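**Student:** The chain contents come next:
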Amino acid sequence: MSQTESESAAVRLDGITKRFPGVVANDDIDFSVERGTIHALVGENGAGKTTLMNIIYGLYEPTEGTVFVDGRAHDFDSPRDAIDVGIGMIHQHFMLVDTMTVAENVVLGNEPTKFAGLVTDERAAIEATGDLADRYGFDIDPTERIEEISVGEQQRVEILKTLYRGADILIFDEPTAVLTPQEVESLFEIFEELIAQEKTIVFITHKLGEALSVADEISVLRDGELVGTLPAESADREELARMMVGRDVLLDVERHSSDFGDVVLETTDLAVDDDRGVRAVDGVDFAVHSGEIFGIAGVDGNGQSELVEAVTGLRLSEGGTIELHEEPITDWSRRERIEAGMSYVAEDRQKRSLVMEYDLVRNGVLGSQRLPEFSDGLQIDWGYTRQYVDDVIDEYDVRPADPGAEAVSLSGGNQQKFIVGREIERDPSLLVAAQPTRGVDIGSIEFIHNRLLDLKTEETAILLVSSKLEEIQQLSDRIGVMYDGELVAVVDPDEVNEEDLGLLMAGERPSGLDVDGARVRVGGSHE
Amino acid sequence: MSDADTRSLPRIVRNHRNAFGLVLAILAALTIVVTVVPGGREVVADVSGVITASYLASAFRLAVPIAFAALGGIFSEKAGVINIGLEGLLIIGAFTAIVTLHFLPETTAIWVVWTAFGLAVLASAVVALLFAVVCIEFKADQVIAGLAVWLIALGFAPFASIIVWENVNSPSFVTFSSVSIPVLSELPSIGRLFVATPPVFMLVVAVPLSWYVLNRTTFGKWIEASGEDPKTLDTAGVSVRKVRYAGVVLSGVLCGIGGAGLALNVGQFVGSGETMVDGRGWIGLTAYLIGNYNPIGAFLASFLFAGLDALQIQLQQIAGYDVSSTLIGIIPYVAVVIVLAFVGRTRMPSEAGEHYESDE
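Those protein sequence lines, which keep their order, are chains A and B. The working numbering puts the first sequence at residues 272 to 798. The working numbering puts the second sequence at residues -7 to 352.
So here's chain B without its partners, still in its complex pose (with noise of 0.2 Å):
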């Protein structure tokens, strides 16, 4: 779509174009489904039976690794580095979080699990620092040095599980218990929205905060400038190679978050095949794409394919629906697909991906 075909919608709409036909598309598809697939409606009916505030809340557990790695990816490629490593941070953490567990008493007390949190959010962010320095000083070319990430983390991870406990996955092991919020967990039917593990509460901050950061504050219109034009920030007497470190840490950080957050909801860590993370760095990457890079549309479209995987599995449980979970799997490739190919309103920075060589 040129710029004239769009000139007369409001300017909301143009700005947010990618949200909108998503939307759109979404509305359409029920429509279809309601109207012309026979039982359609009865189809429509089963599922917006099963929306409810567990439902909801299990959307926002599964959203907590996409989300966190998605929200990971802005800053870093806001700064100018493609970061497409997020997958294997994600697995970083995932395991630094259960092996830290491995070598902690074996405790439910509350400082194991933060233990294990912590340590986790920090192997993620050397692993981040030294994709860091791999394409800031050595300037190695992002897209192959986030590969590597991957891989080796794909590689990594299960094979240390094999060292540590004689198989890819490990033992259970302790979990973030939920924590309710006084008051408002006691509601009628939404309650059950307000009673969480710890790092969804996180994300639900994580998001506005990131916001806040990128468009309010100073390290902000950094980052933007970073990776936009870095030279201008360069003469502004901003060092872009900090801005950038900055940007590529963070990303390790918050998918250090991402990644603990999945496997201490869950205990363990699953090495087997594509390991626990299972693709949700690349849904991530995807969701912020769509997002084009606006940490609050990055969030909807996390929650979005979340909400999806979430929905195929009750619909098996509740509704004896069987739906492929491979199918609901490819959902968020396809509508990036279709985002970028046909809405066309993500816009990366211009410089993203390119070296920065100061000439000082």
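With the rest of the complex left out, here is chain A (with noise of 0.2 Å):
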């Protein structure tokens, strides 16, 4: 595309190509962001905008090309010089000491001292930061400890750390990834104060709505290559999607309402710990029938994980019982419950469900290694396993199409691809799939959603956790909303909006929802 030159570019990137070892992540990218303005960087998982923005940032070196602040090109060693020339980066994982105090976390490494400058000034930096909160309207208490704070009030932390730090350029890494709808909303509320204070903001995320809602300009990065600039008023979702795969992507999978058969899962009063001894799950029942999709929406740390772990069999629950297929198996072991036809697509795909040196064929017993077709009892049948894995890589698209790959050596697309399929393959009766999308580009999302909804058609029953609403929305039958570990309502995809169920997420309860007594139920029954 074509580079203006312009005065008011706040950043401008000039050919700038990074390569690492066999891998080109960043190929000729000229990009340039306007003083004032918001820019969204979106693309699929792999598509360089990480390894863009840490060029920008200073925390790697480009190749070839230049980076331009204010007109001005820039060779930077480390973050430092980045921060000293004005720009911050508000990191996705936030770069913050838990156990220290918000001041002391805004002034980590710039401590305003006294005594010759080994005491940090303690005072001075809680106005600061004080200061800094009252001016872009935070409601923040600079004395609070990180671990005591709500992970939007962490994120409004990080922003004035890199504002206490001088920055006019705020880069944002997927920002949106751990909030709730309504946490966004005061996001972008931010974003507005910024920009009224002559901020310059850019925004890396694959949410297309986002991007569109918000910046003034939308650029797509495909394969390292970027493929365009577009002003964002003139943009549609459609287009975007195209620019992100490079071929036609349907956003909107149907959903068939099929009807639904036995239960084959029920949980009555659950109850879970955490590691720590502390209840994550309390009081939990549901029940997930053959043919339907249960969906479990909540932010991130409201007790799904400790709930999967519990059916599973990762966990031990420490009250309430679990049935499969009516037999009650809360004390079963993990073996019995994959003999009995569960089959789970676990949150880490990397932790929990490859072993990353292993090659596919043996990640492809994983889990199987004692059912009967894959092993006589003392030794597993290769030749099966290879059948299986070739079929596997066969039927859901795996690259490279090689079974002797090391599982480390696939994205993570394909890595979730292939555990996708071998726990599919399998035939379960149950299927769990926790996150199943996580960290994985739109084109396999659209797969895996697409063999979800073929799955049900099989009379598979399916537990759906995700914390993304959208993918909860487009695929359930059933909406479970959990929020401090508790189920909190049971809902209709149909007959709810993305706003109400981020209130139920956010532990609120909306107005305009049948209420009856602690639970909220919308068409929640198909007995």
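No lab work stands behind these hints: they were computed from the structure. Check before you lean on any hint, since a few could be wrong.
Stated by the list, open to error - Restraint-style ranges between C-beta atoms, simulated for each label pair: (1) 21/B - 572/A: 36 to 44 Å; (2) 355/A - 197/B: 38 to 46 Å; (3) 572/A - 332/B: 24 to 32 Å; (4) 739/A - 346/B: 29 to 37 Å; (5) 647/A - 329/B: 40 to 48 Å; (6) 592/A - 19/B: 50 to 58 Å.
Since the model is a prediction, treat every value here as computed from it, not as a measurement. All residues carry an ideal CB built from backbone N, CA and C; glycine is no exception.
Need the complex rebuilt from these two chains, each delivered in its own frame; the hints are there to steer you.
**Tutor:** Below is the structure:
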């Protein structure tokens, strides 16, 4: 695309190329951001967004090309240099020390000092933090500890940190990934306030809707190349999605509403503790029927992970019962549950689903190693396993299509397609899918979603846990919302909008929904 | 105990749950002894009889190596490097102090003993630096490297003693002489507390100073960030490597003071068995765990353990009780297990024991 020379560009990249051994992460990228605007950078995972931003932030040195800030060429050796010219980055994983206070985090590394620079002037730190918070309208107590404040507030502390260091250009890396819809709203209000104070914002996201609603301009990256930059007002979702993926993408999958069969999984008054012994799931009951996708929505950390672990047999429950096909399985081992037809797509695929140094054949037998098809009790039938893995690779479009490839050499999306295939091809009667598309590119997401919908027609019951609201809404036949360890509502996806779901996820009770005692139930009965 | 159970407790009790738990346990034990055990009242009377200013002074003296090791452990572990070689560093300090005296002229001039002290601190710091290099540059497992520090010191010091003195134990040399604080040392009954050797006074200064450094200075906050979230510290433009080196070397310095203080009090290096250090580094480790990485808590725990040790000696000498010293010796370990398992307020720095590699 053409690059117009502009005096008002806050940041301009000229022919940036970054090569890592064997990969071109960024290929000859020209890119510029006008002062006082919001520029969204969209692209699939692995498209090179983060690499590009890390170059601007001085974490990486470009192989070729130049970074201009305010019209001057810069050669950053470290983030320190970038900070010095007014670039700040709000990382996806917050750079905050949990045990320290808001003010201590804000000033870390740039402390106001007294006594010959040895001692942090705490009062000055608290004052500076408070002043900045006031100026941008943040409601934050500088003396609170990070571990005591909410995720949304922590993000504001991250913003304060960059502002304290004098940032004029703020780079946000996937800032909405961990927020509730309401918190996203207030983040966007903060964006407006920052722009009003003449800051410049670069906003990395893969959520097209967000990019369209807040950005002035949108740049699309694909496979390390800049596909194009569009003004947000003249762009639309389909066009952007096509630019990102390089082909047409069906953004809305069709949910076939089928008739549900018998109850496959049922929990009654389930209670589960987390690693610290604190109750994480409290009195949860729900049922999943064959041919049904039961979605569990919620902000991360509200007990979903513990619930999934209890159902799959990775964590002991502290109370209540779990039944599979009307048989109590609460005390069953993981092995017994697998043998009873339970498949599991784990939240953390690298930790729970794959041995990264194993090839796909050996990964393919993981979890099935005692099933009669795979093993005679003493030895694994490698011939059968090999055939099984070949089928999975073939049907689930896993690339590279090489059963001998180590799992670590596959991209996140391909790892996930492989896992989904491995778990589904075993013909489970229950599939537990936790965050099945987290960190997966848009093309693979579409693929996985369609496979889950296909699986419904094969009468499998699916428990889908996701913090992506869109995913839950598109796929689920019923949605359970978890907040603070409780299933606060079970709703019909057609009768609830995103805003109400967001309120439920934040522990609020939206008006207009039927309230039944402590629970909100809308169209929850399919018995 | 979950947070929910204790939410009703006042904040000060919650924040210092280990300390309160320990005090409550001691009070409960005392009550049981007084009311239930036959003759318990007399035992308690005898015990309180031996708790005098001179008893407390000897508890202070016995606390020196334990508390300095504990302070050292805090700095290192808070910075993210678990240093279980404290015991070994104490041995290095003790041995170096005495071997220095061996090679210095035999005089009671004050510079001799201070030179021995200084070289002991230096030697311990150098060994700690080597440990840091192994852990930080070569990414060795910190626990294994720490064990190696102990085992090497445990083998090396008696071996070198045999080379120097043809015996694992050294002959006697000069010791630190006591210093009296004017006026205070003349106070009735508690005056005895203000007559002590220099390491005791150094300890009295080092404990609050350590607290101040960790909680109030910029360096202290960097230490905390380095152990809790090194990546954040790195992105803030502070070198995690340097902070960790500083933490570990400081632990060497503090252990050097502790080891030299121990040996220069006696004027001899004893290399037989577990050497004269005899587990004090390990007790120091338990002390800072019980103190939840707070220098003051760690000191109080060290003082308590040293006090029990002194009590056992005094009871034997004065009141004629024959309490086994090995029984007293296990108290710190039992206490740390109880505190870690049941009181559970100790919170390790999140990234302690993990290597950190900068992306740059």
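**Student:** Confirm or reject each hint.
**Tutor:** Evaluated hints:
A C-beta distance of roughly 41 Å is found between residue 21/B and residue 572/A, which places it inside the suggested range of 36 to 44 Å. Evaluation of the 38 to 46 Å hint for residue 355/A and residue 197/B yields a pass: the beta carbon distance comes to about 40 Å. Under the hint 24 to 32 Å, the C-beta atoms of residue 572/A and residue 332/B, about 26 Å apart, fit the expected range. Between residue 739/A and residue 346/B the beta carbon distance is about 30 Å. The supplied range of 29 to 37 Å therefore holds.
As the Cβ distance of residue 647/A to residue 329/B is approximately 47 Å, the hint placing it in 40 to 48 Å holds. For residue 592/A and residue 19/B, the Cβ-Cβ distance of about 44 Å falls outside the hinted range of 50 to 58 Å, so the restraint is violated.
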